[in-house]
Structures are given as structure tokens and as C-alpha cells.
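Asks: Listed below, chain by chain, are the residues.
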Amino acid sequence: MLALLLVVLTVAHDSGPLPAFGKVTLASPRSDGLAAWKKVYAVMVSPRCLNCHTATTYPQQGDDRHRHVANVIRGPEDKGVVALNCSTCHQSTNADSTGVPGAHNWHLAPLSMRWQSVNDRPLSSAEVCHSVLRLLDGPHLLKHHEEEPLVLWAFNPGRRPDGTMRTLPPLTHAEFVEATRQWVKAGTPCP
Amino acid sequence: MGQGRHAMSMTTVHILVNGERKTVTVDPSTPLLWVLREDLKLTGTKYGCGIGACGACTVHLDGVGTRSCLVPVSLVGDRKIVTIEGMARDPIGRVVQNAWVDNDVVQCGYCQSGQIMSVVALLKSNRKPTDANIEESMGGNLCRCGTYVRIREAIKSAAEKLA
Amino acid sequence: MNRRTFFRMSAAATGGFLIAMYFDFPMSAQEAAPPKIYPPDAFVHIMPNGEIVIMVNRVEVGQGTSTALPMILAEELDADWSRVIAEIAPAADVYKDPVVGMQMLGGSISIANSYQQYRELGARTRAMLIAAAADRWHVTPERCRTANSIVYGPTIQKAVYAELAEDAARRPIPEKVRLKAPSEFRLIGKPTRRLDGRAKSNGSQKFSIDLDYPGMKVALLARPPVFFGRVRSFDDAEARKVLGVVDIFEIPLAKGKGSAVAVVADRFWAAKQARDRLNIDWDLSGVDHADTSELRSRFNELARTTGKIALNRGDAKAMDTLGTDHRIVAEYEFPYLAHAPMEPLNITLRNDGDRAEAWTTSQVPDTQRQAMAEVLGIPTDRVTYHVGFAGGAFGRRGTLDEHLEREVAAVAKRMRGIPIKLIWTREDDVPGGYYRPMVAHRVEVGVGDDGMPSAWRHVVVGQGIVLGTPFEAFYAKDGIEALLIEGTSDTRYAIPNFQVSVHHPTVNVPVLSWRSVGYSHNTFVVETLIDELALRANADPMAYRLKLLDANAKRQRAVLTLLNEKSGWRNDLPRDHACGIALSEYHETASACAADVSIEDGRPRIHRVTVAVACGLAVNPMTIENQFQGGLAFGVTQLMAKGAITLKDGRVDQRNFDGYTPPYIKDAPVAVDVHIVPSAEPPTAIGECPVPLIAPAVVNALARLTGKRYRSLPLVTV
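Protein chains in written order, with my numbering: chain A, 1 to 191; chain B, 1001 to 1163; chain C, 2001 to 2718.
Check each hint, because a few of them may be wrong.
Said to hold, decoys possible - Keeping only pairs whose Cα atoms sit at most 20 angstroms apart, straight-line, the calculated DMTMM-like set for lysine to aspartate or glutamate is:
| hint | chain 1 | residue 1 | chain 2 | residue 2 |
| --- | --- | --- | --- | --- |
| 1 | B | K1041 | C | D2266 |
| 2 | A | K79 | B | E1135 |
| 3 | A | K79 | B | D1062 |
| 4 | C | K2666 | B | D1131 |
| 5 | B | K1128 | A | E77 |
Unchecked claim - Every beta carbon over 12 angstroms from chain C, so not counted as near; a handful from chain B, in silico:
| hint | residue |
| --- | --- |
| 6 | L1016 |
| 7 | V1064 |
| 8 | D1078 |
| 9 | R1079 |
None of these hints come from the bench; they were simulated from the model. Since the model is a prediction, treat every value here as computed from it, not as a measurement. For glycine and all other residues, C-beta sits at the position ideal for the given N, C-alpha and C.
Produce the entire structure from the sequences given, and follow the hints as far as they go.
Replies: As C-alpha cells, this is what we get:
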């Protein structure tokens, strides 16, 4: 199931060749690293992450990544504007009875960390990879993925207003951290 | 569907509303809005949509304009809650309320508690809001009567009084 | 119900203590036609402390009549305006509209129909106060004068109204009274702030949703997913586990309109959670599953055939003699629209078995009270029906099948003795029906060599709103509903050969009047098409309209002339802006606007709107300004990208403001200046007038910016 999801995401978002399932090859550290990155990337462009790593002047919502309701905008510090900031609705934890997601310091990723192009499509695997490395080195990224409350939230996104569970990213948090670790260990290769 | 989210027990919750300590025994998943309206009889805070899209339920939590329809009372903690009923004792709140009356802003009036709570939150951090500031900060407060022109005017006249 | 109890109830409703001036005035039969001479005691209460409570004979939904009607009465009464309080009257015959003969808010009739009535009430009350004072001072009434709630005698005598009230109450009601000349007005015509401005700015104004009675319970309904579906069976085991649930049971909806499951609980949240946990098996057999895409093709096909002829002027065949280069064919589509007033529908009812008391904000209290009594099985006069302040209405609180009253009565029938507050959540309201009908128009225009329309053949397709209701007699004739074609059928443009025909398809979606009713779509069609003709003729849009208007269309001419004078900015617009013009009638009022529009983020940005209006005497110019500013914004609903209700397989696609999104501050006009044509003629409509103006004005501006014609609403792309 997991592999299938990955394949789907890979087809959708990556122009690179598909992993050759069933074909035994000797893994080099670089190809190990690239395989790990592919997993990391699949999470980064999942709606749970991408909706706030936008290139837009506003956050997005839902698996279809539509524009956030009620004219919420990015604002000067990526937290909305006064009287209509993120904490106007989002609390420090999920509010499952009303369907509002929440985590400590809810905010948009800065534009330098956007994982989507201006026309609202996820950036390619290579583009995200290079962007990440311009901002953080491997150990810092690993720490971000291990500890950042908003990253942790993505793996525990709570319930929608209709009571159903929000869709999870394609990996568990542990798998995501492990994939990040592998990638860092392999020297953070980019496709 | 979603049964796990339904709290089935009542809990005693202590909250601080308009400077007064209040104790209520409620289902902790209840949005603050309904605790204010039904348990504390503070009906100036209005229900409009229940999804944070209209702003009629806006209150302040530690000064932050907050949609009370979305915040379960269990998540309020020790933050100070101020509602429209507390605005008369707020120096900026008073000026804004007077500006609302002077500019004859209201029509049906149902959304106006929420509008005023948003304006006060805005003016507390920005005494000289530009047209763009007003439009962005008030961007999530719906008024079906369409009093927006006068809301803009009243905000500017309140800001002038506060200058 | 006798008058004495009536006043006691009225006092209880406000929580205050009122002294009725004419406490012992003999009670006329409750269900009789409205009297010619209205008893002042039903309208004016002079309190011992000098406050004067004026009863307003229709609900206040934001339109401002609860300020304007007291102004009119206080003018003739010479009351101290600073001590005047407005109270909304309950359902009772004496509060029926003097012209329509039923108690109602709709069609912007309030001031037009009650102007004379409230003047006379004020003048009669004043005459009775003067008579009491004259008696006391042994002078003739003619020698007394009044000002600011005081009667002055010929010398130094002086008495405040409050001290005269009791004496005055015993005096006969004078039949004839002198009314002031307009030159004597000190309140009428003066821009006056609303009486409810303070209470609505500090949270103290009580709306019906705010009412709280001891032991009150909240009821929510689980309504059928397809209109008029029925409950086959339901499992409430999980729902009943929610703490605070009192009872769960099936109720019938409005007559023959399916059934629902009612959840009654201590609090709103418990009721909502219980409702979420219901497992209902719906019987949807035998109900049509309306579907927008199917309706569109059906309506558009119908529009290509001539319907029932509503109007035929000149030669119906004139069109056929014109060459194709002299003909324009234009097809239009308009979606279902929800009213979505900010205060969701709600009503409170306590059923005591042999009598009942209700609190709500109805636009048509008479019929709704009757319906409630019918469900409860008691005579109408055993239902006390209080009307209060509503958080908006726009037509939604004037249902013709009295569904809300029937629903709460069905719940209260079972929950005897317990006040039941029935609330429609927003998720009940948006997909809940009772919409502005979906409409299709098809117009063929024959254009003469002078660029003016010589023939006009117009087909309108839409459900009837009043057909089959008690209102059919007012608004429909021979199965043709005037409400669907108003704005076209009454156009003042002089087009010699003019035909309007109508199709009323049956659709399983309940519809209702939506502020400005037929004008909301007809004015759009006429005003965008006229603009298109003006552009085609290379003419100034205002000059073109003036040329085309009927010579007797005085008000239309007056507003266009005033608008031209006040919108000099039209000639000085930035390059990426354009001005759009629209002209509209509503009943006897004419209004026109010029909108300064650009395109931002793919949406129309309405920088400024200048409005001219001819509405007879302007009773409260501030309210008129307010109504136009707000009503234009309300009209922008039609232009919103998400300004449509659509259906798929019988189910409405939109559930809340995320799916059906009314205008926010950035969508509405930034600035609106309103200019009133001075007049001493009797006042005419206001509330609906601005709504039809804005959409055609904006679209006419957009057409100038993009070269495109926009004939389908909502405006999904620009």
C-alpha cells in the first residue's frame, strides 16, 4: 500500500524514472540517498505539508488544496494579519470537536520554504531538494523533521469538521525521520 | 462517523470572562461561543456559521481576536476572555462603539459585535490603519446587510479619535 | 385575547413596564379588517418618566423602519425625539399593513403604506393630549401649542406629556386632525441616526436567537437530504447517549413536504452532537432529484420557445421582418440564491396545551401564527405571537408555507409546557431551500437603423414563487407570476414592439422572494442588454438611456440627470478602470448608479459607486443612504465566484459560507455616495431598490474593460 502510494506520488510529481521493483541492483550510497529523498519529498508535497508551504499570499486547505476560507492571508510574518491571524482560529492543539487543526505556533512556512510554484503546482523533487539545502544543512533538516511541532502535526492532523480523519502523509513520522536520516547519511544527494 | 470525538462527560471548567472568574460544568468539547451564550448568558457574541467563516462570534483571548465558535472551552485555559459586553470598559472599545453609533453603522446589527471585536483587536496593535490594513484585518467578518462602507468610515473616525 | 392582556404581554416582552395611554379603549374584534382610525393606545405608550414607546407594525430586519416610523409619528406628536423608544408590535389585527390588509414586511412597502397612518396616529395623540391640557387650564385647545413632549397654554401654563397621559387616554379619539405642512417638519427629512444603533453596538440588542426562558430546550432537525424526503426509520441509540438529550422523534415538515427527525436537548451543542450521531434511513422515493445541469438544459430549451404571453405591445411579428444583421439574440442564466441572513432561522414556542406563546422575527406574522395554531390544534387567538428584531431577513423570514412555525409547533406539541427554541444551523440554512429561483432568459432584440431597439421578444423561465399560495391572488394572473418578470414587464424604455412570455417549470426545490425579487435578474438582463445596444450604437450609456426612456418616466429621467451631474469622476478614470451604468425601478422608486470598476486578482474591484434615487419624500435620508450602501453590497452576492446554489442528484452542493460565499468587505463597493432627488410627493420604496442596480453596473464596466459580455451568473471568471 505504501509502495503504491509512493509510486502514485512519484508519477505525479517527479519526472525521474520509477524505482525498478523486482530488479536487484547493488545500492550505492548515492542511490540509497536518492531513494530516501524520494520518500522525504513525497511527504513534503503531501497536502498536509504543502498547504502551508505555499507560494501564494494565502494558506491552502484540504486535500484539493483550495484557497483558505474567509480571506485569510499570509501577512508580513507568515501568521496572517492582526485580527485575522492564524491564532484567530487555530489553537495549540487540534480542536476535534470543531474540526480545526492546531499546533504550537501555527503559521505558514516563509516564502523561501515554498514547495510549490507560483501556479500552484508542487515544485519538482530536484527543486525542493536544492531549496531545502539552501536553507538548512542535513542535521538541521533532520532536527526540523524530528521536532518541529508543525511537522509533527502533519502526522497527527486530527479530524475534519465533518468528524472524519484528515488524510495522512504517505509515511509515518518514524519512517519520515528515518528516510531523512538515510538521506543525510548519504550526503543529501539531490536528483 | 467521527464518534471518537464526542465527549460524553461533563467537566468543570474555570474561565476568566470580562475580568470575572466563572465556573461552568459543561461538555469540554463545547465551543466557547455556546458556553458564553448559554451558560454565562453573554448573548452579545453571536452564532453565524460555526466554521469561522463569518466572524460574528469574535471575542478576544488575551487580546487576540478569536472565533469563539471554533475553540473548545477546554482549550481556553487561563487566557483572559473579553466579549462585546466587556468593551464598554475598554478604552479603545468605548471609542469604537461610539464611532459605530456616530456613523450609524448598523443595520440588522447581528454581525456587529464581531465586527467591533475585530476592529478593537486591529486598533490595539495599529492606531493608524491604512485602507489596506482595514480590508485585510476585517476581511473575515461578514455583514449580510453590507454595512462595509460605514464600517470603513467608523474605523477611520475611531482611529482619529485615538490619535 | 383582550386588550388588557395584550398590553401585559407586550410589557413582559420588553421586560419593562408600559403604561398604555388608552388602557380601556374598547377592543375591536381581533380578526376584523384593519380599522380606518387606528387607536393610538395600540401604538403609543407615554411612560411616567417621559419616555414614549412607539409600536412599529412590522419586524425590524435592518431596514430602518423601526426608526423611520417612530420619526413620522413623533413628528406629528411633537415628541421629544431623545426620549422615543421603538418596540416591534406582536401579531394582532391592529398592526396589519393599512394597504395590504395583512401584517407584513416585504416589497419595500413599509414607509409608503404607513406614512399617512403614523402621521395621523401622532396627530391624534397630540390632539388628545392638548384636549386634556386645555380642560385642565380651562382654555380652548386652539390656544395651546406643543413642542418636545410639552403642551404650552396661552400664558405660562405648561404640562409635560407624561402628566397628561392618563387624562388624555379617557378622551375620545378625534376623527379629523390637521397634519403638518412639510415646512413645519423638524424630524421628517432630517438625517437621523437609528434608535437601535447603541444597543446593536454594545451587544445588548436581543435577537430572537438570544431569548432565554426558564426550562427552555434547544431543538435541531435532521432534515431530508433531498427536498421533501421522508424518514423511513431511524436509529437514535448513539444519539441518546449524548448528555443533555431530552427527546428524539420524527416530525412532519411543512404540509406535504416530507419529515425530519427532531432532537431536543438542554443545550445547542448537545443537540448538535446528538444530531450528528443519528442514523436515519431516508425514503426518497417519489421525490424528484433536481440537478443543476439537467435544469440548465431544460430551462434553456424552454427559453427558445414562446411561453404564456404576459405582455404584448405593438406588433409581435415585427421581429421577423428584420434581417439578421439587425437582430441580437442573448441568453442568460441565473442560479438559485440563498438569502443567508446572518442570524440563522430560529423561533421559540411554549405550548401550554390550550394556549401558546411564540417569539420570533417573522415578515408575515398573520399567516405564520395561524399555521402554528393549526398544527397545535388551537384557535389562532390562543397563540400570542411576539415579533422582535431580526438579524437580517431579505425575504427568508417571509415563507409562504410557514415551514419554521409548523416545525416548531410539531416539536412543541410533544414537549408541552417547555419553551422550545428551534434553531436552523448554517448547515441547515444554506442547503435548506427557499431560494431565489433559478432563472433563464432569452431575448431577441431588433435594432433599428438609428441604433435604438425597435422590437423586443423576451422569454423568461423560472419557478413561480407564489403560485399555489394565498399570495397568488396578489402577484399572479392566469398562471403567470408578475414576480418573475417584474423589471422587464414594467420597463420604462419605450420599445414599440414588445413581447414578454413566461414558462413556469415545476422543480423540486422550494423557492421564495429574495430581496428585490424579480428585479434581481430582470434588471440585470435589461440593463446589460441596453448597455450593449448603447455600445453598439457608439452612444454614451446615459444619453442612450435618456433617449430611449418613455417621455413620462419622470423619476427615471430625474435620477439619470442627477447621476450625470454627480458622477463627474466618470470622465477622469485611471486607464485600467471603467465605469458601468445601471438604471432600475422598484415599485414607484427609480434609482440609477455609476460604478467605477477595475479587475484585481481576476475579480471585479468596485472602487466607487455614485447613486441617484427618486423615492418621493425622503423621511430619513440617513437610512436611505445606509440602505443603498448596504443594498449594493447585498447585490454583489450575485457576482461572487461562489454566489450560487447548485444541486447534484437532488442534493445541494453547498453547506455553509465556505461553499456559498456572500460578499466580504473587499468584494463590496469601497465608497458609495447617495444623492436623493428632492421631492414632496409621498414616500415610496427603498429597501429593495439598490439590490438590482449593482450587478449590471459592474458587468457593464467589465464589458468595457475586457470586451466580453457576461450573461451567466455567478461571475465565475472575469
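Asks: A separate judgement is required for each hint: does it hold in the structure or not?
Replies: Cross-check of the supplied hints:
1. B:K1041 - C:D2266: holds, 14 angstroms
2. A:K79 - B:E1135: Holds, at about 16 angstroms.
3. A:K79 - B:D1062: Judged against 20 angstroms, a Cα distance of about 17 angstroms means the pair holds.
4. C:K2666 - B:D1131: holds, 10 angstroms
5. B:K1128 - A:E77: holds, 19 angstroms
6. L1016: L1016 (chain B) clear of chain C: closest Cβ-Cβ about 18 angstroms, beyond 12 angstroms.
7. V1064: holds, 19 angstroms
8. D1078: D1078 (chain B) is indeed farther than 12 angstroms from all Cβ atoms of chain C, at 22 angstroms.
9. R1079: holds, 20 angstroms
In this structure, every one of the numbered hints holds.
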